[in-house]
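Asker: These are the residues of each chain, in order.
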Amino acid sequence: MSGVSSSRLLVVLATFVALGLVASVLIGPAGFAFGQALTDVAAGRESTNAIVLLEIRLPRALLAVIVGAALGMTGAAMQGLLRNPLAEPGVTGIAACAAFGAVVAFYFGLSGRLAVGLPLAGIAGAACGAVALVAITGRDASVATLILVGAALNALAGAATALVLGLSPNPYAFYEIGLWLMGGFTDRGLDHVALAAPCVLAGGIALWMARRGLDALALGEETARGLGEDPTRTGWLVVAGGALAVGGAVAVAGVVGFVGLMAPHAVRPFVRHRPGASLLPSAFAGAILALLADIAVRVLPSGRELPLGVMTALIGAPVLIRIAWQARRSGSATWL
Amino acid sequence: MAVDGGTGLLGRGLARRLAGRIVLDRIDVAIPGGAVTALVGPNGAGKSTLLRLLAGIDRPDGGQTTLDGVHVGGLGARERARRIAHMPQVAPVHWPLVGRDVVALGRLPHGASLDRLSADDEHAVACAIARTDTASLAGRRVDTLSAGETARLMLARALATGADALLADEPVASLDPARQIEALALLRSEAGRGVAVAVVLHDLALAGRFADHVVVLTAGRVAASGAARDVLMPATLEAVYGVRFVLLDIDGVPVPVAVGR
Numbered sequence: 001m002s003g004v005s006s007s008r009l010l011v012v013l014a015t016f017v018a019l020g021l022v023a024s025v026l027i028g029p030a031g032f033a034f035g036q037a038l039t040d041v042a043a044g045r046e047s048t049n050a051i052v053l054l055e056i057r058l059p060r061a062l063l064a065v066i067v068g069a070a071l072g073m074t075g076a077a078m079q080g081l082l083r084n085p086l087a088e089p090g091v092t093g094i095a096a097c098a099a100f101g102a103v104v105a106f107y108f109g110l111s112g113r114l115a116v117g118l119p120l121a122g123i124a125g126a127a128c129g130a131v132a133l134v135a136i137t138g139r140d141a142s143v144a145t146l147i148l149v150g151a152a153l154n155a156l157a158g159a160a161t162a163l164v165l166g167l168s169p170n171p172y173a174f175y176e177i178g179l180w181l182m183g184g185f186t187d188r189g190l191d192h193v194a195l196a197a198p199c200v201l202a203g204g205i206a207l208w209m210a211r212r213g214l215d216a217l218a219l220g221e222e223t224a225r226g227l228g229e230d231p232t233r234t235g236w237l238v239v240a241g242g243a244l245a246v247g248g249a250v251a252v253a254g255v256v257g258f259v260g261l262m263a264p265h266a267v268r269p270f271v272r273h274r275p276g277a278s279l280l281p282s283a284f285a286g287a288i289l290a291l292l293a294d295i296a297v298r299v300l301p302s303g304r305e306l307p308l309g310v311m312t313a314l315i316g317a318p319v320l321i322r323i324a325w326q327a328r329r330s331g332s333a334t335w336l
Numbered sequence: 001m002a003v004d005g006g007t008g009l010l011g012r013g014l015a016r017r018l019a020g021r022i023v024l025d026r027i028d029v030a031i032p033g034g035a036v037t038a039l040v041g042p043n044g045a046g047k048s049t050l051l052r053l054l055a056g057i058d059r060p061d062g063g064q065t066t067l068d069g070v071h072v073g074g075l076g077a078r079e080r081a082r083r084i085a086h087m088p089q090v091a092p093v094h095w096p097l098v099g100r101d102v103v104a105l106g107r108l109p110h111g112a113s114l115d116r117l118s119a120d121d122e123h124a125v126a127c128a129i130a131r132t133d134t135a136s137l138a139g140r141r142v143d144t145l146s147a148g149e150t151a152r153l154m155l156a157r158a159l160a161t162g163a164d165a166l167l168a169d170e171p172v173a174s175l176d177p178a179r180q181i182e183a184l185a186l187l188r189s190e191a192g193r194g195v196a197v198a199v200v201l202h203d204l205a206l207a208g209r210f211a212d213h214v215v216v217l218t219a220g221r222v223a224a225s226g227a228a229r230d231v232l233m234p235a236t237l238e239a240v241y242g243v244r245f246v247l248l249d250i251d252g253v254p255v256p257v258a259v260g261r
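Taken in sequence, the protein lines are chains R and F. Per our numbering, the very first residue in the first sequence carries number 1; after that it's consecutive. Per our numbering, the very first residue in the second sequence carries number 1; after that it's consecutive.
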């Protein structure tokens with residue numbers, strides 16, 4: 001039988017996450033002695049090395065793990081719920097809705113007065129997007145419906161964000177927020193990590209609770225109900241969990257596209273395409289993808305660092321095209 | 001008629017309306033334990049709707065279902081699913097799962113998940129695969145299987161639950177004659193273990209051969225019910241289907257055949 005045992009797959013993926021984390025801390029433009037930084041941190045010395053480690057490299061690497069895991073696991077859960085391999089926070093517009101929520105928080109100074117205002121606004125935006133998506137498409141959406149609704153939500157959230165930016169009295173805000181919207185882990189601190197981590201953890205737990213319901217939905221809603229799994233409960237778990245995870249992630253990192261599409265796609269053959277069993281591996285794979293993309297933008301010899309969202313789109317958009325191409329040829333997108 | 005009398009599923013006064021149309025009109029039906037009950041009737045008679053109400057998947061607009069005297073609507077979803085296995089007429093498989101994983105889904109009501117099966121779950125899955133002769137399909141992706149092969153896996157999935165009642169909606173529609181007989185013999189052997197088996201059939205010859213009881217539904221009402229031999233009479237069937245029937249007798253088994261207007 002194809003596939004590897006779940007625990008062995010998770011160990012392999014976790015090893016790659018750890019390697020990526022170390023590589024992300026080691027690689028960067030600033031001259032940096034890792035060993036010296038560790039000794040300084042341990043001794044409580046505020047040396048340049050210690051500051052680079054604690055305030056630049058470590059937050060950046062940890063955010064990549066947290067945000068990548070949130071996007072990967074949410075993508076896997078949404079694909080299971082909608083039984084559609086293209087469902088993903090970015091393609092469906094949920095990430096854009098979360099970004100709109102975060103921009104509103106910026107604009108009204110909510111994030112200045114209250115640190116948790118930013119992730120809360122992101123979660124609220126993501127929740128609105130997710131509820132709208134599931135309400136409009138229904139739970140077994142065709143590829144065409146999903147893409148159309150996603151395009152509409154993306155356009156709406158994008159326009160609303162531009163409107164808020166246009167109203168901004170500060171000309172620099174437009175540029176700053178525009179750059180932030182393209183996603184990235186630069187110039188974030190451990191306080192951002194502390195904001196995002198609880199949201200992503202809570203969301204991940206809700207998504208994990210949906211795993212049995214997602215397995216049952218593989219045979220359609222009627223069989224799922226016959227197996228004692230209420231599809232409505234599964235839907236709410238995925239909507240709430242996805243909104244928490246994606247809202248928290250987007251609020252600190254902006255829109256990092258396509259990770260939620262690629263991660264489940266990459267792990268599914270290794271878990272025999274079981275929807276529930278693909279959740280955790282997708283979280284790990286998402287973390288690995290985000291770490292690698294974030295390392296890539298640092299080592300690429302570009303004049304200034306590329307926004308991370310640009311890098312993930314460069315890799316992810318061809319994957320999306322490939323999936324759509326396969327779906328067109330097989331006449332159905334359910335077999336991928 | 002005492003509600004708590006006897007084992008098996010008992011529906012009393014079951015009513016169901018869909019979009020203002022009466023699909024089931026307060027019908028009484030019994031699916032006794034240890035027997036096979038065939039539900040027959042024209043398209044749109046309400047057979048699938050009745051099966052879903054009996055399984056507790058949908059709530060009736062009136063009436064209630066009991067299983068061994070216990071009100072089904074009062075059971076928790078998972079306990080209900082553990083005690084009543086339901087096989088819908090159409091079950092899409094949305095991911096290219098392997099056959100064995102499809103069968104293992106029948107263990108979800110026992111608290112299993114596909115990546116965590118207990119020894120009991122493994123045993124039940126292996127037995128269901130052996131009894132449906134699907135070992136050769138267990139390692140294959142379902143998107144490479146024929147409709148008939150998938151249907152046998154779905155039957156294995158329902159058997160793996162090990163429920164007290166098994167309700168199958170046209171389980172043999174896509175099977176070849178040999179597999180049809182095998183599948184119905186399997187349902188008979190389930191009944192032999194005390195399970196209350198209900199099966200929706202369009203093939204009245206199979207109903208006559210394998211069912212102990214037959215319930216004829218038409219337009220949301222019970223037109224006839226009772227022992228197969230008494231119900232599958234040309235006069236009854238002609239009134240329901242509107243075509244002429246002749247009744248053959250093959251080795252003592254009643255075989256109604258539709259012969260035209």
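It should be emphasised that the hints constitute simulated quantities derived from the structure, not laboratory data. Note that the structure is a prediction, hence the values are computed from the model and not measured. Just so you know, even glycine gets a beta-carbon here, dropped at the ideal spot from N, CA and C. Hints are not guaranteed to be accurate.
Examples of chain F residues lying across from chain R (beta carbon under 10 Å, computed) [said to hold, decoys possible]:
# : residue
1 : V70
2 : G74
3 : A85
4 : V93
5 : P177
6 : R179
Asker: Would you mind marking each hint as holding or not holding in the structure?
Answerer: Status of the hints after comparison with the structure:
no.	hint	in the structure
1	V70	violated (16 Å)
2	G74	violated (14 Å)
3	A85	holds (7 Å)
4	V93	holds (6 Å)
5	P177	violated (26 Å)
6	R179	violated (20 Å)
Hints 1, 2, 5, 6 from the list above are not met by this structure, while the remaining hints are.
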